[in-house]
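Protein chains in written order, with my numbering: chain A, 1 to 290; chain B, 291 to 566; chain C, 567 to 1003.
These are computed hints drawn from the structure, not numbers from a lab.
Just so it is clear, the structure is predicted and the values come from calculations on it, not from any experiment.
It is possible that part of the hints are untrue.
[Stated by the list, open to error] Restricting the straight-line Cα-Cα distance to at most 20 angstroms, the calculated cross-link-like pairs of lysine to aspartate or glutamate (EDC-like) are: (1) C/LYS662 with C/GLU628; (2) B/LYS512 with C/GLU724; (3) C/LYS740 with C/ASP775; (4) C/LYS847 with B/ASP397; (5) C/LYS840 with B/GLU455; (6) C/LYS788 with C/GLU743; (7) A/LYS140 with C/ASP679; (8) B/LYS300 with A/ASP95; (9) C/LYS726 with C/GLU715; (10) C/LYS840 with B/GLU351; (11) B/LYS512 with C/ASP855; (12) B/LYS300 with A/GLU187; (13) C/LYS998 with A/ASP62; (14) C/LYS621 with C/ASP880; (15) C/LYS892 with C/ASP739; (16) C/LYS779 with C/ASP945; (17) C/LYS716 with C/ASP729; (18) C/LYS901 with C/GLU628; (19) C/LYS913 with C/ASP932; (20) C/LYS901 with B/ASP397; (21) C/LYS840 with B/ASP347; (22) C/LYS941 with C/GLU902; (23) A/LYS286 with B/ASP397; (24) A/LYS140 with C/ASP739; (25) C/LYS788 with C/ASP945; (26) A/LYS286 with B/GLU351; (27) C/LYS878 with C/ASP893; (28) C/LYS847 with C/ASP692.
So the chains spell out like this:
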Amino acid sequence: MATQQSRLAARLMVAPSVILLFIWMIVPLVATVWFSFRNYNLLNPNLTGWAGFNNYYYFLTDPNFLTAIWHTLAVVVGVLIVTVVGGILLALMLDRPMWGQGIVRIMVIAPFFVMPTVSGLIWKNLLMNPVNGMFAHMAKGLGLQPYDFLNQAPLTSIIVIVAWAWLPFSTLIFLTSLQSLDGEQQEAAEMDGAGSLSRFIHLTIPHLTRAITVVILIQTIFLLSVFAEIAVTTNGGPGTASTTLTYLVYVQALLNYDVGGGTAGGMVAVILANIVAFFVMRMIGKNLDA
Amino acid sequence: MARQIKGSAKAGNTLIAWVIGFVIFFPILWTILMSFHGEGDAIKSPLPMLASPWTFDSYGEVQARSNYSLHFFNSVVISLGSTVLALIIAIPAAWAMAFVPGRRTKDLLMWMLSTKMMPAVGVLIPMYLGFKALGLLDTLTGLVMLMTLANLPLVVWMLYTYFKEIPGEILEACRMDGASLRSEITHILVPLAVPGIASTLLLNVILAWNEAFWTLQLTSSKAAPLTQFIASYSSPEGLFYAKLSAASTMAIAPILILGWFSQKQLVRGLTFGAVK
Amino acid sequence: MTKTLRALLGAAAFFGLTGLATAETQITVATVNNGDMIRMQGLMDDFYAKHPDIKVNWVTLEENVLRQKVTTDISTKGGQFDVLTIGMYETPIWAKLGWLVPLKDLPASYDVDDLLPAMRSGLSVDGTLFAAPFYGESSMVMYRTDLMEKAGLKMPKEPKWDDIKAAAAAMTDKTKEQYGICLRGKAGWGENMGFIDTLANSFGASLFDMKWKPTFGGQAWKDTLAFYLDLMDKFGPPGASSNGFNENLALFQQGHCGMWIDATVAASFVADPKSSTVAGKVGFALAPDKGLGKKANWLWAWALAIPAGSQKVDAAKTFIDWATNKDYLNLVASKEGWANVPPGTRKSLYANPKYISVPFAQLTLDSINAADPTKPTVDPVPYVGIQFAAIPEWQGIGTAVGQQFSAALAGTTSPKDALANAQQIATDAMTKAGYIK
């Protein structure tokens, strides 16, 4: 199908994106790598000169480094599971005929519109607060002890908050994908006697594979650098129970004002993110072509 | 042949959907309700709060205190501007990758996504120095350019996904009819892709609207968007929930309205089955 | 639609790049969003009447974000701001780095000698003022008079920590969601550490010894942490380890706390009948001590400073003078009443009988006067600052240590480990920064 002419045309059409993104990537990357090898602390002008691998050394040997990686992966995987499974279910639900479909759709999509800091504050103070929060009131109404979400289960709470914010995104993508599901195929299968569960597994899910792949890839990228919700609710705590890699970089860059350390941390985060993306791509990448 | 939907099934669907939708929407609903009360009342438990006097005071304080229209204008320019720019650059690219895939297409896509992997905090100072050198600090131009590039990978990806859904046969058919490349894109592809483009537009506008790191760090007074408007309301000393709720409602409202009106576009059925 | 949009973009870009050319001087002021600053923005008509040739662009942000932005800008010489709102922590550090313009040529009407001594010394280096205070605070005890009465106790004007413990015990009834004492537990150098540092000072501890070695492993800190945890476990609200100022304020206003030790500014909130359900039932006392000579009260000021390299130093000085001199205080009083005048900066304010009659004004003054940032602890120390050490590294160290203590409060770390970790973190950081040879 692709002729010489269209191949050339294709290259030309892709070129602007590639060139712009390349510049966008390379300039900050070079600057970041440069700074990561230098001593540069914003508040300490006496600290200058070549640092070699010191910044990397300090970042990698930080006692919280390994736990931060673990926490980051937990957040990503946790949110992905909720948003993919939940997203598919919600998309199926929204695809059915009902009254007031428009309103329900907006209600489901709305969490995505809220700024991450605001949603963090809402969850922390209105819902999860063990004295004044909604959940506490509900628990007391049932005669139970209110549970202190953010202190006893910080990482899980963060996963819930972030998943709530990203569910609309996956739902929307799945819903749009479902719209192109072949209705005739479904009917034919039904007439052949296939039950709804079997139709779901054998027709719907395969159709959604590409959408699932895209959702996983895009969300992974965003989830690896989740920051605002953590900063506003737990500040990485208690202790370091909800410190992720991005938060660790933040501590270096904007609390210690250590630009050398912060950029080194950023580089480490990028390298690790690329590794994760590589594996994810390996696992589900073939679905992109289907 | 339309499948008959029983009335009771429809009612059942409606009930379940409304309950789930309500649960998901609840935190936002609560924020909106809180915005119509005073500070002391806003933090009370649900029933007492609803019973306490309703007022526009918080909105009044917010309006008097900050320049909503300036921030709103900036947000619109930054979000819409960067998304439209990104679309202009991305549509040809996504078309090419979807219909004329090469061996490297997947790698290219992954590389594009990887440009988003650097945590923004790590690269703040180099970016700040760069912006300062180019005179782009606190300018709309600078922010539009930055957001365009930041979201470009996402736009390309989403368009690629939607374009992939379009069966190649359609394009083959019109090519065999002798259509040129340009008319192929404008007359066939774009109409089929409109829902995909619309959904990409909406999602990226929202992402740019809510972006709360670069928009705060690289602007001060002239180019500051609504994210700064909201950030000015969360105060460490002194209660602010009612005002923050009012500010958030004022910030979300435009997007909610936009979403409401563009719904049909977003999920309009792509009647591929009918294209024979 | 695209054409209009492009035109819009073009116009926006043009204005963004060139700005609107006028004959007036524009200054950009970065500020926190606390009540007094908000009030100042509302009174700008007075400034414009007196100085029609100066226009002010406000950038209002939450404290932590503001600090980040301002630090980023001033250290990279970004030039975004002409007037900064900074605190007692940044001022000595930035002044020593040469980043601030010394406030030497302010008009005589400014009357530098009228500033409260603690405020002046906290914001000066070698006798020169680098930031003009517009708001000052210390900390004190706020307690429920009705609950104390019910328990048959009286709160002394200058309580000791044992008095506090006894009062907390008497006022706690967890079945009724009544907690004897609410204290900060949220992790952060300006959050829980702000309070815990003062508690430690009163227990005879300090942050560093004269050789800059951290002292978290010592007996005094052990006692401090044990006392704090004991008090909070027995008499504090659940979830305390994520409670900062606002959360405790909400608790107190809704009647859940018997006592609250926090910023003097809180007094105006808890006594405000519009938002507090216990408005008429609040009493105040000085921050407690342990009999070792140092009370557990801190000192903080928000002050206006000018970054070195600003092109508009004169206009900036004019603005700072207007915002922090005696006339401004009178202006606020005339428009919004004496209770709303920004507290804690000038002797003349407290000598004014109309102001001193405001409840808790005297106590605020006493608290501020009892604080000496140059001698914060029982034993001598190499740093200034009461609830912090005015060194750049403190932000990171304080927050990391605060996280340990917050974890101890949440029960996820033992107090012994928390102190050991704190000592390790602090020592590593101080060595890396070159303080410990």
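How the hints compare with the structure:
1. C/LYS662 with C/GLU628: violated, 26 angstroms
2. B/LYS512 with C/GLU724: violated, 50 angstroms
3. C/LYS740 with C/ASP775: Distance of about 40 angstroms is beyond 20 angstroms: violated.
4. C/LYS847 with B/ASP397: This hinted pair is violated, its Cα atoms lying about 69 angstroms apart.
5. C/LYS840 with B/GLU455: violated, 59 angstroms
6. C/LYS788 with C/GLU743: With a Cα-Cα distance of about 30 angstroms, the restraint between C/LYS788 and C/GLU743 is violated, given a limit of 20 angstroms.
7. A/LYS140 with C/ASP679: Measuring from Cα to Cα gives roughly 57 angstroms; hence the hint is violated.
8. B/LYS300 with A/ASP95: holds, 12 angstroms
9. C/LYS726 with C/GLU715: holds, 19 angstroms
10. C/LYS840 with B/GLU351: Since the Cα atoms of C/LYS840 and B/GLU351 sit roughly 15 angstroms apart, the hinted pair holds (cutoff 20 angstroms).
11. B/LYS512 with C/ASP855: violated, 49 angstroms
12. B/LYS300 with A/GLU187: Status holds; Cα separation ~19 angstroms.
13. C/LYS998 with A/ASP62: The given pair, whose Cα atoms are some 13 angstroms apart, holds under the 20 angstroms limit.
14. C/LYS621 with C/ASP880: Distance ~13 angstroms between C/LYS621 and C/ASP880 Cα, so the pair holds.
15. C/LYS892 with C/ASP739: With a Cα-Cα distance of about 47 angstroms, the restraint between C/LYS892 and C/ASP739 is violated, given a limit of 20 angstroms.
16. C/LYS779 with C/ASP945: Between C/LYS779 and C/ASP945 the Cα gap is close to 14 angstroms, so the pair holds against 20 angstroms.
17. C/LYS716 with C/ASP729: OK: C/LYS716 and C/ASP729 at ~16 angstroms, within 20 angstroms.
18. C/LYS901 with C/GLU628: violated, 26 angstroms
19. C/LYS913 with C/ASP932: Distance of about 12 angstroms is within 20 angstroms: holds.
20. C/LYS901 with B/ASP397: violated, 66 angstroms
21. C/LYS840 with B/ASP347: holds, 13 angstroms
22. C/LYS941 with C/GLU902: violated, 37 angstroms
23. A/LYS286 with B/ASP397: Roughly 12 angstroms separates the two Cα atoms, so the pair holds.
24. A/LYS140 with C/ASP739: With Cα atoms ~16 angstroms apart, A/LYS140 and C/ASP739 stay inside 20 angstroms; holds.
25. C/LYS788 with C/ASP945: holds, 17 angstroms
26. A/LYS286 with B/GLU351: violated, 55 angstroms
27. C/LYS878 with C/ASP893: Outside the cut-off at roughly 23 angstroms; violated.
28. C/LYS847 with C/ASP692: violated, 45 angstroms
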